[in-house]
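Chemist: Please build the complex by placing chain C on the supplied structure of chain D, with the hints as guidance.
Chains D and C, in that order, are what the protein sequence lines are. In terms of our numbering, the first sequence is residues 1 to 628. In terms of our numbering, the second sequence is residues 1 to 628.
Check before you lean on any hint, since a few could be wrong.
Copies of the same chain are indistinguishable here, so a pair counts whether it falls within one copy or spans any two.
Claimed, not checked - Think about it this way: if two alpha-carbon atoms lie no more than 20 Å apart in a straight line, the pair counts; the simulated EDC-like pairs of lysine to aspartate or glutamate are:
| id | residue 1 | residue 2 |
| --- | --- | --- |
| 1 | K145 | E362 |
| 2 | K264 | E600 |
| 3 | K175 | E199 |
| 4 | K95 | D201 |
| 5 | K175 | E64 |
| 6 | K95 | E315 |
| 7 | K175 | D147 |
| 8 | K95 | E362 |
| 9 | K525 | E292 |
| 10 | K264 | E254 |
| 11 | K258 | D502 |
| 12 | K145 | D237 |
If you are wondering where the hints come from, they were derived from the structure by calculation, not from laboratory data.
2 protein chains.
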Amino acid sequence: MTAMTAMTSEQLALARHLAIQLRVDSIRCSTQAGSGHPTSSLSAGDLMAVLLVGHLRYDWAAPEGPNNDHLIFSKGHASPLLYSMYRAVGVVNEKELVYSYRQFNSRLEGHPTPRLPWVDVATGSLGQGLPDAVGISLAGKYLDKLDFHTWVLCGDSETAEGSVWEALDKASFYKLGNLTAIVDVNRLGQNGPTELQWEMDRYARRVEAFGARAIVIDGHDLNAIDGALTQARSNPDQPTVVLARTIKGKGAPEIEDKNGWHGKALPPDLADRAISGLGGVTHLRIATALPEAGTSAITPSPDAPVTVPTWDVGEKVATRAAFGAALSALAARPTVVVLDGEVGNSTHAGEFRDVCPERYFEMFIAEQQLMASAVGLAVRGYIPFAASFAAFLIARPYDFIRMAGVSEVSIRLVGTHAGVEIGQDGPSQMALEDIAAMRAIHSSVVLYPCDAPSTASLVRTMADTDGIVYLRATRGAYPVIYPSDEQFPIGGCKVHRAAPNDDVTLIGAGVTVHECLAAAEELAKEDVAARVIDLYSIKPLDRDTLVDACRATGGRLITVEDHYPEGGLGGAVVEALADADLPALHVRILAVNGLPASGEPAELLNAAGISARHIVEAARNLVGVSAP
Amino acid sequence: MTAMTAMTSEQLALARHLAIQLRVDSIRCSTQAGSGHPTSSLSAGDLMAVLLVGHLRYDWAAPEGPNNDHLIFSKGHASPLLYSMYRAVGVVNEKELVYSYRQFNSRLEGHPTPRLPWVDVATGSLGQGLPDAVGISLAGKYLDKLDFHTWVLCGDSETAEGSVWEALDKASFYKLGNLTAIVDVNRLGQNGPTELQWEMDRYARRVEAFGARAIVIDGHDLNAIDGALTQARSNPDQPTVVLARTIKGKGAPEIEDKNGWHGKALPPDLADRAISGLGGVTHLRIATALPEAGTSAITPSPDAPVTVPTWDVGEKVATRAAFGAALSALAARPTVVVLDGEVGNSTHAGEFRDVCPERYFEMFIAEQQLMASAVGLAVRGYIPFAASFAAFLIARPYDFIRMAGVSEVSIRLVGTHAGVEIGQDGPSQMALEDIAAMRAIHSSVVLYPCDAPSTASLVRTMADTDGIVYLRATRGAYPVIYPSDEQFPIGGCKVHRAAPNDDVTLIGAGVTVHECLAAAEELAKEDVAARVIDLYSIKPLDRDTLVDACRATGGRLITVEDHYPEGGLGGAVVEALADADLPALHVRILAVNGLPASGEPAELLNAAGISARHIVEAARNLVGVSAP
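Isolated chain D, as found in the complex (with noise of 0.2 Å):
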């Protein structure tokens, strides 16, 4: 390791005193509080008061500067810290720190989420602030092309979630000189010791053997501080790992390096010995370097021709291929950004990198990267597209979706492979379950459509829509039934063979409509009239046509859907529907009853319960049980 380092002593001696304010405000806004973690604060004193003082490149004045420089707690719970930082650079005021924190009402909560603009990301949920930087710092080395840094605060303990794993060989991969990761290595976790302890060595035999660059130091020697982020910072094409040792609750000596301070305010007359001893309330104000000027290399461009193709009805197309085609299309927009989990030729995602490469990155089986990559590239501003098999992109990473959701970022997530319908893998590959997770997320829209120009229309409008928005593709080839200029609102959807003195409403989406108007024709023949309703919106879903056929039908409902029977497309119909107050309501929810095996697809929708002969029978007795 070579010497260089960047800061004056001037610098160094700022940095000192602004160390010393970061732990006495840390100390005051949680013990005001009553809770928090001022320990996990304390002990990453230093490593921030060097990197404000000398490192950092931010321009406080605007948050949205394309040049500014990142900064990640994914240690969330060092929130005092965070803000202890704000308050030193005059974002935050002395009394919004110590009086709002953890208030409600307040922007300066529990855990950092981008209510404040300096934050992009909610942490909280440990090893998710460095795969989300890795989506951010993606964006600056190969998109934008812009010399901002991404810095991450990491905690010792979340080196034990596999996500961190995934993000360093990522990192490595891609050659993301412009990230660092700083661990605070204080060697207490929440509940005892952590499991390397203060192995040093043997963290860095782990970040090296990931590819990245490592540098052990002592991290309350500021020196020291200062050359491994200059170091970090002029290592164009390998992330850092700084691995700092530091010690929990560093400068209130009564709790330093003590267990069962974790989490824990300190009560009043600790608080006021240790801040008497680091000398008492300062007000420091640190003016932080400002980044170079500088744009994204990319300019939106909303407005840019997106030519979807267009399929003759009757044709056999699978969603999944025509959401490669129009999300091929959507490479003319050149903020959309396409992430692949190594399906791509399965997904049809990689049609994406034949027209685009630039914008394709292959995040491998990852798939908690690959959505982290996603939420990193939000914040960035890019439309990406985050695609794998339904099963594993919802569930594999079911905990970063939380997080997205919690973040109010906007992604798109587009699951093939959905439903027993998929055949001879078995149910390992099957989406059972996904409609249900998603629908539960915050601010997420959940699409599931049954042809190719619904979908091809549906994926263009996701690129323009907000949240965590989910597609649902089916992988067998399936007739187009909609021509191709029909419109597809989020919200909406398509009503089929309606009449006024309709027996029954038969409700699919994705693979079932072609089963609901397959039963539909068949109960023609009995003459037993059936609407079928194509819900490919279900969350949010088109209520007052739910309502409207309800009234119609006697209240006569059968809903059918390739997922388990709870909380999916049934659930989402009886929901919406009550608080209708409708005068008669009789539904039956067709899902999938089982563990569904291998097979053919017609022979496990069969099995599932969900075919057009099940639908043929539940819509018979239905008629004939609730007739008037």
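Modeler: Quick look at chain C alone, frame taken from chain D:
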């Protein structure tokens, strides 16, 4: 590396023949099925032939034998190879292998499931077999104290999953010398080359950095394989990872090491040429070594007396505290094992450690491995309880829970700190989608008790309940409302304040039961008679009692939950009533609307729209609107 080997030259010759047969059979069954992953099977043929002939100790006639080795295909897509091994040992015949593979109703599914008695866990979602094996090996070393060995065949692509590194980390932390991962480094993923391709040194550095022994070999050199597996078994306190450089498609020269052949059956002509080149169909029958006799050091004692503590009505107790107390009492059952995600002091699971440290395993902040360890322990017949904060326990390892459902194992999950009720820590720590997510899991049970005695009773019952059994617990302390001898069957509920002429039914679970009771009290002052249902068992639920309540209160129901509005308690209730053909149904679902923030629990319940005040208002309106 020493030259230590185990196999005789006769055995090696047999393995050589077997490897050919496994390849031929892998091609035959997949070509016959027209789908599957033959090339991923061919690469590992030599590895598995040597394992079967010289190293695996398994009594195929008695798969439940306590000292059998375990063999897990973490790369579950190599099922043709696994099933060809089953043919070679005589438990699957040629006809079943060749003609039933991937067919409807066949037990030879596209990816292995425990429908086959020799399969421990379902695989096919990559990066899960090795974590599951850690649980099995923990049981072998620390509980059973048997000398069986766990062998895991991993793919190279799946090493991109962070869960693989969580597994190796815990395997080395717990010194699992009884665990060997064999990584089939065939260089090609589904979509192209893997990240590390054949950079065996880089794999080895990662493995060693995570504390395991790495042995790099040519995966087609039978002597080298024998040497590696011999060493692997003789390493008492360190897991081994055999890194085998192999060729994808090995044995089918036309497609060896060629991209574009992942997951594709060989067309019949190509298959014929490959089979001829290999020497044609053979009928070797292998007799594997039998395990030493042995029985587990732990004998189940299902009738051991379990004395849970009691509480007085009115006493304020957190349900998480009651969970900890009941769990400690369950230590009397020798097969109950507890797994902690480094939050045992918060969840109260840590109380089990105080009474029974030898059956308490700390998994640190690695929830995927936490869940996989539970699965592995369940495979060995234990009754695992895994506990963490509900948000992390359910969302982070959701794909592992999904796959546990596919495996149909029985595990017990306790998630504490659910909902906005947790207060100041903010939304990152609030499970608000866990009920929806868990209800949609195959074989799941979802419980959410409101006081200490009901929690303790349900925790005791969980130990004897099959499936993926989830109990949601609350952070704060609330009054005990049930006597300690009250019974709480799974699928039951408790009705409070019921009278024949009630106006409305209020349905809550957990914290909202208390809000419903307070609301009913308030409503009584306005002469609105409200009955309250404590729906502590959300799945399965007591539909009959709900139907009765509907009929008694004119179909007027208000559901209240500390959860997002989709797929939770309200969803469960309306789904259950959808097909009851009730004369009237007027439901109001009160749930957490919008993204919560930090604050006091009461402030947040109120802001979310689920406190007593909101229930009163909704009831007042509902009775007004829909009074006869």
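Chemist: Hint by hint, work out which the structure violates, then give me just those numbers in ascending order.
Modeler: Hints 4, 5, 6, 8, 9 and 11 not satisfied by this model.
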